[in-house]
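2 protein chains.
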Amino acid sequence: MKLKLLYTCMAITGLAGSAIAQETVDQAAVQKIREEGLNHSKVMETAFYLTDVAGPRLSNSPGLKRAQDWAVNQLKTWGMANSKLEPWGKFGKGWEVQKNYAAITVPYYHAIIAIPKAWTPGTNGLIKGDVVLVKADTTTDLDKYKGKLAGKIVIFDTQAKLASGTKADLSRYTDEELDKMAAATMAPAGGPRRQFDMNSPQMVARRKMIAMRAAIGKFLLDEKVGLILAQGRGNYGTTFTTNGASYADTAKAVAPELETSGEDYLRILRLVKAGQKVTMEADIKTEFFTNDMQGYNVVAEIPGTDKKLKDQVIMIGGHLDSWHGATGATDNAAGSAVMMEAMRILKAINFKPKRTIRIALWSSEEQGLFGSRGYVAAHFGDPRTMQLKPEQAKLDAYYNLDNGTGKIRGIYLQGDSAAGPIFKAWLAPFKDLGATTVTVGNTGGTDHQSFDAVGLPGFQFIQDGMDYNTRTHHSNQDTYDRLSEDDLKQASTIIASFVYNTSERKDMIPRKALPTPPPAAPAR
Amino acid sequence: MKLKLLYTCMAITGLAGSAIAQETVDQAAVQKIREEGLNHSKVMETAFYLTDVAGPRLSNSPGLKRAQDWAVNQLKTWGMANSKLEPWGKFGKGWEVQKNYAAITVPYYHAIIAIPKAWTPGTNGLIKGDVVLVKADTTTDLDKYKGKLAGKIVIFDTQAKLASGTKADLSRYTDEELDKMAAATMAPAGGPRRQFDMNSPQMVARRKMIAMRAAIGKFLLDEKVGLILAQGRGNYGTTFTTNGASYADTAKAVAPELETSGEDYLRILRLVKAGQKVTMEADIKTEFFTNDMQGYNVVAEIPGTDKKLKDQVIMIGGHLDSWHGATGATDNAAGSAVMMEAMRILKAINFKPKRTIRIALWSSEEQGLFGSRGYVAAHFGDPRTMQLKPEQAKLDAYYNLDNGTGKIRGIYLQGDSAAGPIFKAWLAPFKDLGATTVTVGNTGGTDHQSFDAVGLPGFQFIQDGMDYNTRTHHSNQDTYDRLSEDDLKQASTIIASFVYNTSERKDMIPRKALPTPPPAAPAR
Numbered sequence: 031m032k033l034k035l036l037y038t039c040m041a042i043t044g045l046a047g048s049a050i051a052q053e054t055v056d057q058a059a060v061q062k063i064r065e066e067g068l069n070h071s072k073v074m075e076t077a078f079y080l081t082d083v084a085g086p087r088l089s090n091s092p093g094l095k096r097a098q099d100w101a102v103n104q105l106k107t108w109g110m111a112n113s114k115l116e117p118w119g120k121f122g123k124g125w126e127v128q129k130n131y132a133a134i135t136v137p138y139y140h141a142i143i144a145i146p147k148a149w150t151p152g153t154n155g156l157i158k159g160d161v162v163l164v165k166a167d168t169t170t171d172l173d174k175y176k177g178k179l180a181g182k183i184v185i186f187d188t189q190a191k192l193a194s195g196t197k198a199d200l201s202r203y204t205d206e207e208l209d210k211m212a213a214a215t216m217a218p219a220g221g222p223r224r225q226f227d228m229n230s231p232q233m234v235a236r237r238k239m240i241a242m243r244a245a246i247g248k249f250l251l252d253e254k255v256g257l258i259l260a261q262g263r264g265n266y267g268t269t270f271t272t273n274g275a276s277y278a279d280t281a282k283a284v285a286p287e288l289e290t291s292g293e294d295y296l297r298i299l300r301l302v303k304a305g306q307k308v309t310m311e312a313d314i315k316t317e318f319f320t321n322d323m324q325g326y327n328v329v330a331e332i333p334g335t336d337k338k339l340k341d342q343v344i345m346i347g348g349h350l351d352s353w354h355g356a357t358g359a360t361d362n363a364a365g366s367a368v369m370m371e372a373m374r375i376l377k378a379i380n381f382k383p384k385r386t387i388r389i390a391l392w393s394s395e396e397q398g399l400f401g402s403r404g405y406v407a408a409h410f411g412d413p414r415t416m417q418l419k420p421e422q423a424k425l426d427a428y429y430n431l432d433n434g435t436g437k438i439r440g441i442y443l444q445g446d447s448a449a450g451p452i453f454k455a456w457l458a459p460f461k462d463l464g465a466t467t468v469t470v471g472n473t474g475g476t477d478h479q480s481f482d483a484v485g486l487p488g489f490q491f492i493q494d495g496m497d498y499n500t501r502t503h504h505s506n507q508d509t510y511d512r513l514s515e516d517d518l519k520q521a522s523t524i525i526a527s528f529v530y531n532t533s534e535r536k537d538m539i540p541r542k543a544l545p546t547p548p549p550a551a552p553a554r
Numbered sequence: 031m032k033l034k035l036l037y038t039c040m041a042i043t044g045l046a047g048s049a050i051a052q053e054t055v056d057q058a059a060v061q062k063i064r065e066e067g068l069n070h071s072k073v074m075e076t077a078f079y080l081t082d083v084a085g086p087r088l089s090n091s092p093g094l095k096r097a098q099d100w101a102v103n104q105l106k107t108w109g110m111a112n113s114k115l116e117p118w119g120k121f122g123k124g125w126e127v128q129k130n131y132a133a134i135t136v137p138y139y140h141a142i143i144a145i146p147k148a149w150t151p152g153t154n155g156l157i158k159g160d161v162v163l164v165k166a167d168t169t170t171d172l173d174k175y176k177g178k179l180a181g182k183i184v185i186f187d188t189q190a191k192l193a194s195g196t197k198a199d200l201s202r203y204t205d206e207e208l209d210k211m212a213a214a215t216m217a218p219a220g221g222p223r224r225q226f227d228m229n230s231p232q233m234v235a236r237r238k239m240i241a242m243r244a245a246i247g248k249f250l251l252d253e254k255v256g257l258i259l260a261q262g263r264g265n266y267g268t269t270f271t272t273n274g275a276s277y278a279d280t281a282k283a284v285a286p287e288l289e290t291s292g293e294d295y296l297r298i299l300r301l302v303k304a305g306q307k308v309t310m311e312a313d314i315k316t317e318f319f320t321n322d323m324q325g326y327n328v329v330a331e332i333p334g335t336d337k338k339l340k341d342q343v344i345m346i347g348g349h350l351d352s353w354h355g356a357t358g359a360t361d362n363a364a365g366s367a368v369m370m371e372a373m374r375i376l377k378a379i380n381f382k383p384k385r386t387i388r389i390a391l392w393s394s395e396e397q398g399l400f401g402s403r404g405y406v407a408a409h410f411g412d413p414r415t416m417q418l419k420p421e422q423a424k425l426d427a428y429y430n431l432d433n434g435t436g437k438i439r440g441i442y443l444q445g446d447s448a449a450g451p452i453f454k455a456w457l458a459p460f461k462d463l464g465a466t467t468v469t470v471g472n473t474g475g476t477d478h479q480s481f482d483a484v485g486l487p488g489f490q491f492i493q494d495g496m497d498y499n500t501r502t503h504h505s506n507q508d509t510y511d512r513l514s515e516d517d518l519k520q521a522s523t524i525i526a527s528f529v530y531n532t533s534e535r536k537d538m539i540p541r542k543a544l545p546t547p548p549p550a551a552p553a554r
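Chain order of the listed sequences is Y and U.
31 is the number of the first residue of the first sequence in my numbering; add one for each residue after it.
31 is the number of the first residue of the second sequence in my numbering; add one for each residue after it.
Since the hints were made in silico from the structure, they are not lab data.
Keep in mind it's a predicted model, so treat the numbers as computed, not measured.
Even glycine gets a Cβ: it sits at the ideal position worked out from N, Cα and C.
Treat the hints with care, since some could be wrong.
What the hints assert, rightly or not - In silico BS3-like links for lysine-lysine, alpha-carbon gap of 25 Å or less:
1. Lys303/Y to Lys307/U
2. Lys95/Y to Lys72/U
3. Lys72/U to Lys303/Y
4. Lys303/Y to Lys174/Y
Unchecked claim - Estimated spans, in silico, between C-beta atoms of each pair:
5. Ile240/Y to Glu116/U: 56 to 66 Å
6. Gln128/U to Lys461/Y: 51 to 61 Å
7. Ala166/U to Lys106/Y: 33 to 43 Å
8. Ala166/U to Thr135/Y: 30 to 40 Å
9. Gln324/Y to Leu156/U: 33 to 43 Å
10. Gly474/U to Thr215/Y: 57 to 67 Å
11. Gln128/U to Asp252/Y: 31 to 41 Å
12. Thr309/U to Thr135/Y: 22 to 32 Å
13. Thr309/U to Asn69/Y: 29 to 39 Å
14. Lys114/U to Thr135/Y: 38 to 48 Å
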C-alpha cells in the first residue's frame with residue numbers, strides 16, 4: 031500500500047515533494063473508521079434532527095436555537111468534552127415566519143407559492159387589495175403613485191422569463207473536470223483585496239440603483255402599502271429566498287415583502303400589464319426575537335492525550351444556520367451532520383488522539399461568516415491588522431464542509447501547496463469511494479476563509495455539485511429529501527480519517543506565508 | 031421543389047405508394063401561411079387568455095366556462111361562422127378551489143405546498159389538529175382508530191423516496207429517435223381490446239386494493255377526520271394533481287383531501303413516524319356547481335365554397351379542459367391556442383376552402399375523452415355497435431394536438447398507412463422547421479382516438495416532449511411560462527397548411543378498414 035502511495039504522491043506536479051517519504055497512513059485505523067462510518071452510520075439520523083425536527087435555522091431564530099441545543103446535547107451524549115454554546119459577538123434580531131398565506135382572488139382564486147423575505151414584518155392580519163404595478167426609474171416617477179398605494183399589493187416589472195430545464199438538475203464531477211482541478215498549478219491571487227474604482231461608471235450606476243431601491247422602499251412604507259411582491263429566483267415551484275431587511279437592532283422599518291415563485295409572480299405581472307384587474311389576499315405573520323442579540327457557535331472536543339501535543343488543536347466545522355424557506359438540508363445541515371458524525375466515529379472507535387480535536391458548528395455564516403470570523407477573532411487574531419494571538423500557533427488545521435450533500439472528491443489546498451502531498455497520501459485509501467483530487471486552487475464563500483484570513487491552514491473539501499446550485503442552495507426545496515445518504519457517509523468517513531491523521535502526524539500541517547493585511551476599506 | 035418532394039416520398043418504405051405521383055403542394059399558399067403564422071402570430075396572446083386570464087379549466091368549472099365563452103367570441107371576432115358551444119351530453123358537477131391554505135404549526139410553523147384533490151369538499155373553515163399516521167392493510171386494522179380520528183389530519187406511509195434530477199427536465203426528439211419512429215412498419219394492434227383475466231392474481235389483488243381504499247375512505251369520512259394528506263407525485267415543488275372523488279351528481283361523499291408536495295408530505299411523515307408530535311392548521315374551501323351538468327364543446331367553422339365538396343368537413347381540435355392545480359398551459363391550452371391560431375391564419379390569408387373547416391375545442395377530455403366521444407357519437411356513429419351516421423362518410427380527416435408545447439416533428443398515421451405519402455409530401459416544406467417524420471405507429475390518450483374508433487382518419491402530431499412528462503402534465507406548474515413561443519408558431523403554421531392541403535385535395539384522405547367493434551366489457 032505504501033508503494034502505491036509513493037507512486038501516487040510522485041505523480042503530483044507543482045506540489046512540494048518533501049513530505050513524500052515520511053507520509054504514512056495507519057491502514058488499520060482507516061479500516062476501523064470505514065467500518066464505523068460506512069456500516070454503522072448515524073449521519074442521517076443526525077441530519078433528520080437538524081432539519082425536520084429543528085426546522086428552518088435562520089441566524090438567531092428559535093429553529094437555530096433548537097438545533098444548537100440538540101447538537102450540544104447530542105455531542106455530550108456521544109461523550110465529547112466541553113460541549114457548549116460559545117458566544118462569538120453581537121449578531122442582531124432573531125426572526126421567524128408564524129403565518130404565511132397569500133392568494134389571487136380576482137380574476138379567480140389561486141393560492142401562490144411565496145415566502146416572506148427574511149426580517150420583514152407581517153401584514154398584521156388578513157389583508158385584501160388590488161395589485162398595482164409600480165414603475166419608477168427616478169424618485170420623480172414615484173410622485174404619480176402618491177396617495178394611491180395604501181393597502182395595495184405592489185409588483186414590479188422584472189422583464190424576466192423563466193428558464194426551462196435543458197440541463198439535469200443533478201451533477202457530479204467528471205474525471206476530466208477533476209483532472210483539470212488537479213492540474214492547476216497556481217492558486218488564484220490571495221493577498222490584499224482588489225481595489226474597486228468607486229467612480230467607475232459601473233459603480234456609479236450601482237450606487238444609483240441601490241439608492242433608488244432604498245428610495246422606493248421608503249416611499250412604499252410611507253404610503254402604507256399592504257404587501258410587496260418580489261420575484262424569487264427559480265422555477266417549477268422551486269423558489270430561492272433572501273433577506274428583505276437588516277437583522278440589526280437598529281434596522282430601518284420596511285414594508286411586508288414576499289419572495290414569490292417565478293410562475294406565480296409572472297402570472298400576476300402578465301395580467302396586470304395586460305390591464306386585467308388582479309386582487310389578492312394575504313395573511314403574513316412574522317415574529318422578531320430581541321431578548322438575546324448575541325450570536326453563538328456550538329463547540330465540543332475530544333481532548334488530546336499526548337503531553338507535548340495536546341495543546342495543539344485540530345478543528346472541523348460547518349455552519350449550522352440556514353435560510354428560512356426550507357430546513358437548510360444541503361446548506362448546511364449536511365456539513366454539520368457530517369462533522370458531528372466524524373466526531374462520533376472517532377469516539378466510537380475509541381480513538382485517543384494525540385492532539386485535541388474540536389468541532390465548531392458556526393452561526394450567521396449566511397450573513398457574512400460571522401460565527402467563524404468572531405471565533406477566529408476571539409481565539410486566533412485579527413485579519414485586519416494581522417495581530418495574532420498565542421492560540422494561532424497551536425491551531426494545526428481547520429477542515430470545513432459546506433458545499434451541499436455531494437460526496438467528497440478531494441480537497442482544495444487554498445494555495446497551501448506544501449499540504450498537497452500529505453493530503454494526497456491521506457486520500458489514497460479512499461480512491462474506491464471517489465475521493466482522489468488535490469487542487470492547489472481556492473474555493474470561497476464559507477468558513478474556512480475566516481481561518482485562512484489569519485494565516486491558518488483552512489480547507490474546504492471538493493464535493494460533487496448534485497442539485498446544490500440548481501435547486502437547493504437557499505431555496506424552499508432544501509429539505510431532508512435532498513440528502514444523499516451514501517455521500518454523507520462517505521464524507522463523514524473521509525473527514526474522520528483526515529482528523530485522525532492530522533492528530534497523529536509528527537508535525538503540524540505546513541502553513542503558507544502569512545497574508546498581507548488588506549488596506550483599509552475605501553469609503554462608500 | 032417537386033422533384034425533392036418525389037424523392038422524399040419514394041424514400042418511405044412500407045407505405046402505399048399510389049399517392050406519390052399525384053401529391054402536390056401549393057407552394058405559394060404554404061408561403062402565405064408561413065408568413066402569417068411565423069411573423070404575425072397571435073398564438074401567445076390566445077394562450078394568455080386561455081391560461082392566465084381564464085384560470086384553471088377543470089371540466090364544468092367556471093374557469094372552463096370563461097375560456098369557452100372567450101374562445102367562442104374570439105373565433106367570431108376573427109370571422110368564423112357558426113361559432114358556438116355545442117352540448118355533447120351530461121357530464122356532472124363543476125368544482126373549483128376558493129380557499130387553499132395548510133401549514134404545519136408544531137413543531138414549528140411551515141406553510142405547505144398542497145392542492146385539494148378535484149371534487150373533494152373543503153374543511154368548513156379553519157381547522158387545527160394533530161397529524162395521525164393511519165396504517166391499515168385490512169378493515170380489521172381500522173378498528174384501532176375508531177373514535178380517535180375526529181378532526182385529525184390523517185397521513186399514510188407511502189414508503190416513497192423523492193427522485194433527484196439526474197436527467198434534464200426538457201427534451202426534444204433526436205434524429206435517431208425520429209428515424210426509429212419513421213422506420214416502424216406495423217401499427218400496434220388495433221381492433222378489439224385485450225381481454226383481461228379478471229381472476230388473475232394481479233386483478234384479484236388490484237380489486238382488493240381498490241376495495242380497501244374505498245373502505246378506508248368511508249371509515250375516515252364516518253370518523254369525521256378533519257383532512258387527509260395524500261402524497262402528490264413530483265419533486266422540487268412540482269406537484270401533480272388528480273381527482274379525489276367523482277364528478278357525478280350521484281357521487282358518494284368523501285373527506286377533504288390534499289395532494290401534498292413530496293417534500294412536505296415526507297417531512298410530516300418522517301416526523302410522525304419518529305414519534306414527533308405534528309400539528310397542522312388548514313382552511314380549504316371548494317365549491318360545487320350543479321346548475322348545468324351538461325358538457326359542451328366549442329365549435330366554429332370556415333364554410334366550404336366548392337359546390338360539390340363543401341359538405342365534406344375537415345376537423346381540427348384539442349381539448350380545452352385542464353386539471354386544476356395550474357392553468358393547464360401545455361395540457362392543453364397549447365393545443366387549443368394552436369388550433370385557434372390555425373383557423374385565424376387561414377382567415378387572415380383570406381382562404382376560401384373547397385371543403386368546410388371546423389374547429390372543436392373539447393371538454394372533459396381529462397375524464398375520458400368525453401367531449402370528443404360525445405361529439406363523435408352525435409355526428410358520426412357509435413363505436414360500440416359500429417352503427418354509422420351519414421356525416422361519417424363526409425368527415426375527411428381530424429387533426430388533433432395535445433402533447434404539450436413542443437413543436438411538431440411529424441405525424442402518427444394511427445395505422446392509416448395510405449395517408450403516409452400524402453403527409454410526407456405535405457411535411458416537405460417544413461423540413462427547415464424540424465417536421466419531417468411520418469410514422470405508421472399509433473399514439474393514444476387523446477381525442478383523435480374518438481374519431482379513430484368509428485373508422486375516421488384521426489391523427490395526432492408527433493411533438494417534442496419538452497418538460498411535459500417531467501414537470502407540466504397535470505401538475506401545479508403547468509403555467510403560461512412553460513409555453514414555447516417558437517414551437518407554437520411552428521405548430522400553428524404546419525397545421526394551417528395541413529388543413530389547407532386537406533381542403534384543396536382532389537380526394538378525401540384514404541381510410542383504413544373499419545375497426546371491429548369491441549366485445550361487451552366484462553363485468554367487474
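Here is what the structure says about each hint:
1. Note on lysine 303/Y and lysine 307/U: the hinted pairing is violated, with a Cα-Cα distance of about 46 Å set against a maximum of 25 Å.
2. Our distance criterion of 25 Å between C-alpha atoms is broken by lysine 95/Y and lysine 72/U, whose separation comes to about 55 Å.
3. A hinted pair counts as satisfied when its Cα atoms are at most 25 Å apart, and lysine 72/U with lysine 303/Y qualifies at roughly 17 Å.
4. For the suggested pair lysine 303/Y and lysine 174/Y, the alpha carbons sit about 17 Å apart, so the restraint of at most 25 Å is met.
5. Here the CB-CB span from isoleucine 240/Y to glutamate 116/U is close to 59 Å, well matched to the stated 56 to 66 Å.
6. At about 60 Å, the beta-carbon gap between glutamine 128/U and lysine 461/Y stays in the expected band of 51 to 61 Å.
7. A beta carbon spacing of about 41 Å between alanine 166/U and lysine 106/Y agrees with the range 33 to 43 Å that was offered as a hint.
8. As the Cβ distance of alanine 166/U to threonine 135/Y is approximately 39 Å, the hint placing it in 30 to 40 Å holds.
9. A C-beta distance of roughly 37 Å is found between glutamine 324/Y and leucine 156/U, which places it inside the suggested range of 33 to 43 Å.
10. A C-beta distance of roughly 59 Å is found between glycine 474/U and threonine 215/Y, which places it inside the suggested range of 57 to 67 Å.
11. Here the CB-CB span from glutamine 128/U to aspartate 252/Y is close to 35 Å, well matched to the stated 31 to 41 Å.
12. Hint check: threonine 309/U to threonine 135/Y, Cβ distance near 27 Å, so the stated range 22 to 32 Å holds.
13. Taking 29 to 39 Å as the suggested C-beta distance range, the pair threonine 309/U and asparagine 69/Y conforms, at roughly 37 Å.
14. Look at lysine 114/U against threonine 135/Y: about 31 Å separates their beta carbons, and that is not inside 38 to 48 Å.
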